[in-house]
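So the chains spell out like this:
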Amino acid sequence: MAYVELIDLVKHFGRHTAVDSMNLGIMEGELVSFLGGSGCGKTTTLRMIAGFESPTSGRIRIRDLDVVDVPPNRRGVGMVFQNYALFPNMTARQNIGFGLKVGGKPSAEIDRRVNEMLALIHMEELGSRFPHQMSGGQQQRVSLARALAASPRVLLLDEPLSALDARIRVLLRGEIRAIQRQLGITTIYVTHDQEEALSISDRIVVMRDGKIEQLGTPFEIYNRPATAFVASFIGSLNLLSAVVVEPDAGTLAVDGQRIAAAAPIQGAAGRMVRLSLRPEMISLANGSAGNNHLTGTLSNVVFLGSIVRLVLRIGGNELFLDTFNNPHLALPAIGARVTAGFPPEACILLE
Amino acid sequence: MGLAPFLLFALAFMLLPAGAILFGSFQDAKGAFTFLNVAHLFRPGILRSYLLTIEVSLVTALGGAVFGFLLAYAVTQGGLPKTVRGFLVTFSGVASNFAGVPLAFAFISTLGRVGLVTVILKEAFGISLYDAGFNLYSFWGLSLAYLYFQLPLMILIITPALDGLRKEWREACENLGASPLQYWRHVALPILAPSLLSSVILLFGNAFGAYATAYALTGGFINLVPIQIGAQIRGDVLHDPNLGYALALGMVVIMTLSILGYTRLQKRASRFTRS
Amino acid sequence: MIVARNCARSRNSAGPRNSAGPRKVWSWLWLVLGSLYFLVPLLATFFFSLRGKKGVLSLVAYAHVFKDPQFLTTFTFSLEMAVLTIAAGLALIIPTAIWVHLRVPRARVLIETFALLPFVIPPIVLVFGLIRLFSRPPFALVTSPALLVAGYVVLSFPYIFRAVDAGLRAIDLRVLTEAAQSLGAGWGTTFFRVVLPNIRVALLSAAFLTFSIVVGELTLAVMLAWPAFGPYMALMGRDLAYEPAALAIVSFLLTWGSIAFMQMLSRSIAGRGSFTGGVH
Chain S
4 MAYVELIDLV KHFGRHTAVD SMNLGIMEGE LVSFLGGSGC GKTTTLRMIA GFESPTSGRI
64 RIRDLDVVDV PPNRRGVGMV FQNYALFPNM TARQNIGFGL KVGGKPSAEI DRRVNEMLAL
124 IHMEELGSRF PHQMSGGQQQ RVSLARALAA SPRVLLLDEP LSALDARIRV LLRGEIRAIQ
184 RQLGITTIYV THDQEEALSI SDRIVVMRDG KIEQLGTPFE IYNRPATAFV ASFIGSLNLL
244 SAVVVEPDAG TLAVDGQRIA AAAPIQGAAG RMVRLSLRPE MISLANGSAG NNHLTGTLSN
304 VVFLGSIVRL VLRIGGNELF LDTFNNPHLA LPAIGARVTA GFPPEACILL E
Chain Y
1338 MGLAPFLLFA LAFMLLPAGA ILFGSFQDAK GAFTFLNVAH LFRPGILRSY LLTIEVSLVT
1398 ALGGAVFGFL LAYAVTQGGL PKTVRGFLVT FSGVASNFAG VPLAFAFIST LGRVGLVTVI
1458 LKEAFGISLY DAGFNLYSFW GLSLAYLYFQ LPLMILIITP ALDGLRKEWR EACENLGASP
1518 LQYWRHVALP ILAPSLLSSV ILLFGNAFGA YATAYALTGG FINLVPIQIG AQIRGDVLHD
1578 PNLGYALALG MVVIMTLSIL GYTRLQKRAS RFTRS
Chain G
4 MIVARNCARS RNSAGPRNSA GPRKVWSWLW LVLGSLYFLV PLLATFFFSL RGKKGVLSLV
64 AYAHVFKDPQ FLTTFTFSLE MAVLTIAAGL ALIIPTAIWV HLRVPRARVL IETFALLPFV
124 IPPIVLVFGL IRLFSRPPFA LVTSPALLVA GYVVLSFPYI FRAVDAGLRA IDLRVLTEAA
184 QSLGAGWGTT FFRVVLPNIR VALLSAAFLT FSIVVGELTL AVMLAWPAFG PYMALMGRDL
244 AYEPAALAIV SFLLTWGSIA FMQMLSRSIA GRGSFTGGVH
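Chains as they are written, first to last, in my numbering: chain S, 4 to 354; chain Y, 1338 to 1612; chain G, 4 to 283.
Think of the hints as simulated: they come from the structure by calculation, not from any bench. Where hints are given, some of them may not hold.
To be verified - Computed from the model, here is a short list of chain G residues facing chain Y with C-beta under 7 Å: (1) Lys27; (2) Trp33; (3) Thr99; (4) Trp102; (5) Pro125; (6) Gly132.
C-beta: ideal position from N, C-alpha, C; glycine also.
In isolation and in its complexed conformation, chain S is listed as follows (with noise of 0.2 Å):
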């Protein structure tokens, strides 16, 4: 039974649809990412959740009580926002105790949980710290730990860590993880950084346009994407032109070189399709039976650090492969003719 229910929701604002009839179930304990550009209605069906915006129509249930008619303050859920809205005329210790304090719990007991929070954080010290004395990355823990203070039953996140800088993002995103996991508490989480996404979520929910694109497991999104939204939004991704030669024996030709991809294909020979290949796929061919090969010039060598990205010039399409860097490795030069080779289930078909 799913722990939280969006049945049919819509938003419209104005002549606008954010949110175009989503349905979506979510389990207990699982942490959801919703994952998107801007505009395509991540943050707009958050708030709905938490109650900071009706919908236009559908229903959003938690535990399978219907939550639509009831006010923000009212329905259990832990929200993050993503300037962290800490008060700040509240120490940390205070902003972490305000759920309590308006729910009209003794202090005795207020003091106890704050204490489990901030220990919970890793804040033990700094409790009695105003936000303008702390850095982004505490304000966002003692924002997190305010959220789950009052033991809500969803944790909402709004791209909490959008705010800060690149390793205080891969840091906290851990942090945030390992907690949840910790306390069981099922969350929804709304970024645009899809690597965020990967790395934290047991399932992504690619949005566009206010509808869902593709549901599943980051395997699932990043090595079977549904449409060539989620390909390419989705880490990086390599998109050439090719022609269907025999479609039953899943035959394709790009530049005149033959290829195979590991199943039949649709529709007639002649018809021309997006292949697309995972960088991380392709490799300095060397003979593999089985393997496809494609032959170009090589145009350029990008040093990424830890991954050499080369880029290969195959007729009118462009193929890039990612190396693990080896300082020990002599790579081919620049206008040379080089071979690329990968299995054919790497090929990725998109109309």
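Assemble the complex: chain S is given as a structure, and chains Y and G must be docked to it using the hints.
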């Protein structure tokens, strides 16, 4: 230094005149040093004058602050269309300058003995303002007129502070289970408090130093400190300029205290909006 | 568990829920009350001014005002004073503001302290001090209009400075002058062809605000015994009944015109301060 012309100007036309007042208050008619003028400030007549000025300033400061705040809140966070805010701010910019003689005339036309509202109230509703004790040319009438520039001033000052009240704070409060009243009590008012307080102080000072409106409205027949000073300058009363200087000194002291309070509180207010 | 999908009740929402509804009612209430307070005196004054002729609404009071030779002379006088104040004020404050921006940023605190002085030393006290200081030789300026202009510059200085300062900040003066210099421009060229044209809007704002302050000013004018527009209006108020109301309307339209114009202009400058107050 390129600042020289300005500094000379400030010296000649701001500091030295202030100094002249300062020294004049401690001199007698022959130029000898004396505390007598300052001592005379505590004569019952003068004291009453200060008291009345303080009362008017306090009443219009508080009244202007409360109603100005409500109006500013209404147009910033109260859910009204954006154009209303622009209009109110423009109008406030104008109204805060519409003081002195024209303002006095406006109020005389409205609430004077034969003012339009006075007449309408009498003829349409049978209410006689002046019989009931109201008098435009007294404390309450003057305060009502002062509000006309105090209210807009408050709106102009407090609107930026209200803009600094982030929407997320209210949402975070709601999310954590707080009612609107709890939001105001625990979050909004504490954050706004320094701005509110500093605005009251600024409004107080603004009213305290006002001369033209009071003069034009009452013809100089109201016992306010600025009026007293004006009378001393023109020699309308027992020509005792040194007493006038002492009066002016007293006023400057009060204004200085106001501005010090204002700047200190503004610094505290900016602490909240920074984070 | 699949739940019935077709009982979704359509809710029409405009955004944040909960307390937004009653909040709006209160907001409209205060707006209406506030508008009444501000508009009633204006309307009353207007109608009062139309009462010059018994029983009929007529513009007779306005005619009296405009035909009065004193009106023209005092208004012209105040206009001249305003122009002189604007010229002197800008000439004094623009170089100062530029100097503070480019050379001595630390002096900003000092200047801003001076900007508070006209509040701490209200016009009535200022004029007292000016008279005392400048009544005797060798600085017997009390009878010269220069003193009045100087006084007006003191009164309007905070607003002129803030306007110019905002304008300079908006154009990022430092970067602009460095760019001009790297292209070979001298100080004169930089000032007249780069800086001034780009703060035109700020200057206009300052000019309009100063204009509205000076034209209706009473305290300085009456104490220094000048035939200005403010004292003229006060004098009218003593003897006549309807002409003062007409004058108030004329004055209000002038103030409204200049301030509204100035605010429209200043909206194009980022980060402006608030132009509040005036002299009362």
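We went through each hint and held it up to the structure:
1. Checking Lys27/G against chain Y: minimum C-beta separation of about 4 Å stays under 7 Å; hint holds.
2. For Trp33/G, the suggested interface contact is upheld, since its CB lies about 5 Å from the closest CB of chain Y, less than 7 Å.
3. Because the beta carbon of Thr99/G sits about 4 Å from the nearest beta carbon in chain Y, less than 7 Å, this interface hint is met.
4. This hint holds: Trp102/G has a C-beta 4 Å from the nearest C-beta of chain Y, less than the 7 Å allowed.
5. This hint holds: Pro125/G has a C-beta 3 Å from the nearest C-beta of chain Y, less than the 7 Å allowed.
6. The restraint placing Gly132/G at the interface with chain Y holds, with a minimum CB-CB distance near 3 Å, inside the 7 Å limit.
Hint check: no violations occur; every hint is consistent with the structure.
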